[in-house]
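Colleague: Put chain B on the given structure of chain A with help from the hints.
First to last, the sequence lines map onto chains A and B.
At position 243 of the first sequence (counting the first as 1) the number is 265 in this note's numbering, and the numbers step up by one without a gap.
At position 167 of the second sequence (counting the first as 1) the number is 189 in this note's numbering, and the numbers step up by one without a gap.
Note that these hints are calculated values from the structure, not bench results.
Fair warning: there could be bad hints in the mix.
[Claimed, not checked] Stretch-level coverage of chain B by chain A, calculated; a stretch enters the list once three of its residues show a Cβ under 8 Å from a Cβ in chain A:
1) 62 to 74
2) 93 to 103
3) 148 to 157
4) 171 to 184
5) 238 to 252
[As the list claims (entries may be wrong)] From chain B, some residues computed to sit far from chain A (all C-beta separations above 12 Å):
6) Glu164
7) Ala167
8) Ala205
9) Ser206
10) Arg223
11) Ala274
12) Ile284
13) Ala301
14) Pro337
[Claimed, not checked] Among the chain A residues that face chain B by a calculated CB cut under 7 Å, a handful are:
15) Thr57
16) Asp99
17) Gly146
Because the structure is a prediction, the values reported are computed rather than measured.
A virtual CB, placed ideally from N, CA and C, is assigned to each residue, including glycine.
2 protein chains.
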Amino acid sequence: MAGGPPRPSEDGLIARYFAPLAGPGADGMRDDAATLTPSPGCDLVLTADAIVAGIHYFPDDPPASLARKALGVNLSDLAAKGAVPRGVLLTLALPDDWTEDWLAGFTEGLAGALAGAGCALLGGDTVRSGGPALIGVTAFGEVPAGGMVRRTTARIGDRLCVSGTVGDGALGLRLRRGPAWAASLDGAMRAHLADRYLHPRPRLPLAPLLRRHARAAMDISDGFAGDLAKMLGGGRGALVEAGAVPLSPAAAAALAAEPGLIAPILTGGDDYEVLCAVAPEALDAFLSDCAGIGLAMTPVGTVIAGDGPPAFAMPDGTRHEFAAGSFSHF
Amino acid sequence: MAGGPPRPSEDGLIARYFAPLAGPGADGMRDDAATLTPSPGCDLVLTADAIVAGIHYFPDDPPASLARKALGVNLSDLAAKGAVPRGVLLTLALPDDWTEDWLAGFTEGLAGALAGAGCALLGGDTVRSGGPALIGVTAFGEVPAGGMVRRTTARIGDRLCVSGTVGDGALGLRLRRGPAWAASLDGAMRAHLADRYLHPRPRLPLAPLLRRHARAAMDISDGFAGDLAKMLGGGRGALVEAGAVPLSPAAAAALAAEPGLIAPILTGGDDYEVLCAVAPEALDAFLSDCAGIGLAMTPVGTVIAGDGPPAFAMPDGTRHEFAAGSFSHF
Numbered sequence: 023m024a025g026g027p028p029r030p031s032e033d034g035l036i037a038r039y040f041a042p043l044a045g046p047g048a049d050g051m052r053d054d055a056a057t058l059t060p061s062p063g064c065d066l067v068l069t070a071d072a073i074v075a076g077i078h079y080f081p082d083d084p085p086a087s088l089a090r091k092a093l094g095v096n097l098s099d100l101a102a103k104g105a106v107p108r109g110v111l112l113t114l115a116l117p118d119d120w121t122e123d124w125l126a127g128f129t130e131g132l133a134g135a136l137a138g139a140g141c142a143l144l145g146g147d148t149v150r151s152g153g154p155a156l157i158g159v160t161a162f163g164e165v166p167a168g169g170m171v172r173r174t175t176a177r178i179g180d181r182l183c184v185s186g187t188v189g190d191g192a193l194g195l196r197l198r199r200g201p202a203w204a205a206s207l208d209g210a211m212r213a214h215l216a217d218r219y220l221h222p223r224p225r226l227p228l229a230p231l232l233r234r235h236a237r238a239a240m241d242i243s244d245g246f247a248g249d250l251a252k253m254l255g256g257g258r259g260a261l262v263e264a265g266a267v268p269l270s271p272a273a274a275a276a277l278a279a280e281p282g283l284i285a286p287i288l289t290g291g292d293d294y295e296v297l298c299a300v301a302p303e304a305l306d307a308f309l310s311d312c313a314g315i316g317l318a319m320t321p322v323g324t325v326i327a328g329d330g331p332p333a334f335a336m337p338d339g340t341r342h343e344f345a346a347g348s349f350s351h352f
Numbered sequence: 023m024a025g026g027p028p029r030p031s032e033d034g035l036i037a038r039y040f041a042p043l044a045g046p047g048a049d050g051m052r053d054d055a056a057t058l059t060p061s062p063g064c065d066l067v068l069t070a071d072a073i074v075a076g077i078h079y080f081p082d083d084p085p086a087s088l089a090r091k092a093l094g095v096n097l098s099d100l101a102a103k104g105a106v107p108r109g110v111l112l113t114l115a116l117p118d119d120w121t122e123d124w125l126a127g128f129t130e131g132l133a134g135a136l137a138g139a140g141c142a143l144l145g146g147d148t149v150r151s152g153g154p155a156l157i158g159v160t161a162f163g164e165v166p167a168g169g170m171v172r173r174t175t176a177r178i179g180d181r182l183c184v185s186g187t188v189g190d191g192a193l194g195l196r197l198r199r200g201p202a203w204a205a206s207l208d209g210a211m212r213a214h215l216a217d218r219y220l221h222p223r224p225r226l227p228l229a230p231l232l233r234r235h236a237r238a239a240m241d242i243s244d245g246f247a248g249d250l251a252k253m254l255g256g257g258r259g260a261l262v263e264a265g266a267v268p269l270s271p272a273a274a275a276a277l278a279a280e281p282g283l284i285a286p287i288l289t290g291g292d293d294y295e296v297l298c299a300v301a302p303e304a305l306d307a308f309l310s311d312c313a314g315i316g317l318a319m320t321p322v323g324t325v326i327a328g329d330g331p332p333a334f335a336m337p338d339g340t341r342h343e344f345a346a347g348s349f350s351h352f
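In isolation and in its complexed conformation, chain A is listed as follows (with noise of 0.2 Å):
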């Protein structure tokens, strides 16, 4: 930390750049504790993810990108939980050459995210990482008593939808090491992708149809196969139609230019859509009341008896399994 100007102290960070993004509950980042009551009838759903330099993203990524993906990746949960955003710490772990510009850039990028997902800024914890930067979220929602929307509650005979396109965040992360694929694809399907890949968007508006309508609900960002796979298990298997797995044009172009693509398109992860089961009968008021919000909503496949990964039936009549599963940074 030697040379450079002086550095603002932890308290002096707090004031300049957190202070002002403080929540109702957080009485101005100006204690150590804040506090958070669910609505009367409601529970808290509480999720935590964290994402490091090097392995989640790339340390040159613009940071106001990163404040974004960092809140998205846990908002992304409680939409897939059928929960109602209310509030986040913030745990903030700087590498040694961390800037002031930096920091704005981030503390920006963060209060336009958590302004629109509706959430407050509740408290956290600056701190040296003494290696890359580490940016951690807690992230409050809440949902009507006993109404969190699980992940294993899926029944034989469920339809299997997912919100969305699937495979635009692995590509586009693939993207960034100049492929050959690339040169199939015009400037606008690689800015989508690059795109998707940065700046997940959780599916906020999806949490009441979840509540109303699905057996069992999670993200796909560790992958579309792999967290299938998390989903079932216990005699529940899936066949999934993979040519009824919803792509982007981009992604479309991707996968007529370079086939393999199809592996890391339904395994890749850093999708922040929703995989959901929906029993049969709720299926028809289900869709409708998604592309009632103008949210796009496919089934894909089925929960079936069986204790094997789920299965993927190819356009050319193969079935096929992803046993690669799901990605994981660990």
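Modeller: Relative to the frame of chain A, chain B by itself:
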């Protein structure tokens, strides 16, 4: 990660080491989120603090001790806010050379510390740190609605009190470096200081007494003098009788051998004791209630009008300010 025995996946780690600690609401760690609902008529109190290897602790400290420390620094904040612990989320960022032995020791220590505090593990995240280990805890407690004891609500004339003894943590840290004054301490004294540094004992039994009697409170984990300064301001200063600040026999012996240790004792941090401001008319009842639960609580000074840093009346009749104030790892 090449070489050595194969490592379990993140899911494998969760199932083996963390799922056995899962409390109600965590659903056996089989979901991406947990639920928590405060008791009727209660607010949740939230706090998050992280500790980093090489910055907040020695990397070769026993992992069970580190688990106790990471939990203790957070539960200490809850205790100082008058809150009863309910549960925690854990963000564990592991260096590339982590071992299963380390993790087994860590989770064993965590289980013991959680049981001792009567609270549960609700979830969390395990990631690669790309550098030193980071142990981040988000802790949840509850207080009767509106009952959180604030940091900044002391009034002029309030008596300042502190629990336990001050300075042991800072001296325990310094002891690790083999200082000359260590020769003046017997083995039990050295063990006492080392233990006080390594094993915070959050003052959980104090929480209801703070709610009943204290106008303001905080823990002194960043050092007595600096944390007292944070409590005040806005025309409120403090006059502290330095000779009244309670010292353990070990700290008193160290101070007798090396008078300059008064500075780290009063500013050094790593003390998980509670500083509180009590209205003069409430003092006797507060001290009596503390005595009733066997908890040492010592009046050390008074909130006075003024805007400077806290003034310490020294035993030699001089007044001293400890301008270094609050210890910061940042």
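Colleague: Would you mind marking each hint as holding or not holding in the structure?
Modeller: These are the hints, each one checked on the structure:
1. 62 to 74: holds (count 11)
2. 93 to 103: With 4 residues in contact (Cβ-Cβ under 8 Å with chain A), the coverage given for the region 93 to 103 of chain B holds.
3. 148 to 157: holds (count 8)
4. 171 to 184: holds (count 3)
5. 238 to 252: Holds, because 3 residues of the region 238 to 252 of chain B bring their Cβ atoms closer than 8 Å to Cβ atoms of chain A.
6. Glu164: Glu164 (chain B) is in fact no farther than 12 Å from some Cβ atom of chain A, at 9 Å.
7. Ala167: It is violated; Ala167 (chain B) is separated from chain A by about 7 Å at its closest Cβ, not greater than 12 Å.
8. Ala205: 32 Å, holds
9. Ser206: 33 Å, holds
10. Arg223: 17 Å, holds
11. Ala274: Since the minimum Cβ distance to chain A is about 29 Å, Ala274 (chain B) lies beyond 12 Å and the statement holds.
12. Ile284: Ile284 (chain B) clear of chain A: closest Cβ-Cβ about 23 Å, beyond 12 Å.
13. Ala301: Since the minimum Cβ distance to chain A is about 20 Å, Ala301 (chain B) lies beyond 12 Å and the statement holds.
14. Pro337: 30 Å, holds
15. Thr57: 5 Å, holds
16. Asp99: 4 Å, holds
17. Gly146: Check passed: Cβ of Gly146 (chain A) comes within 5 Å of chain B, closer than 7 Å.
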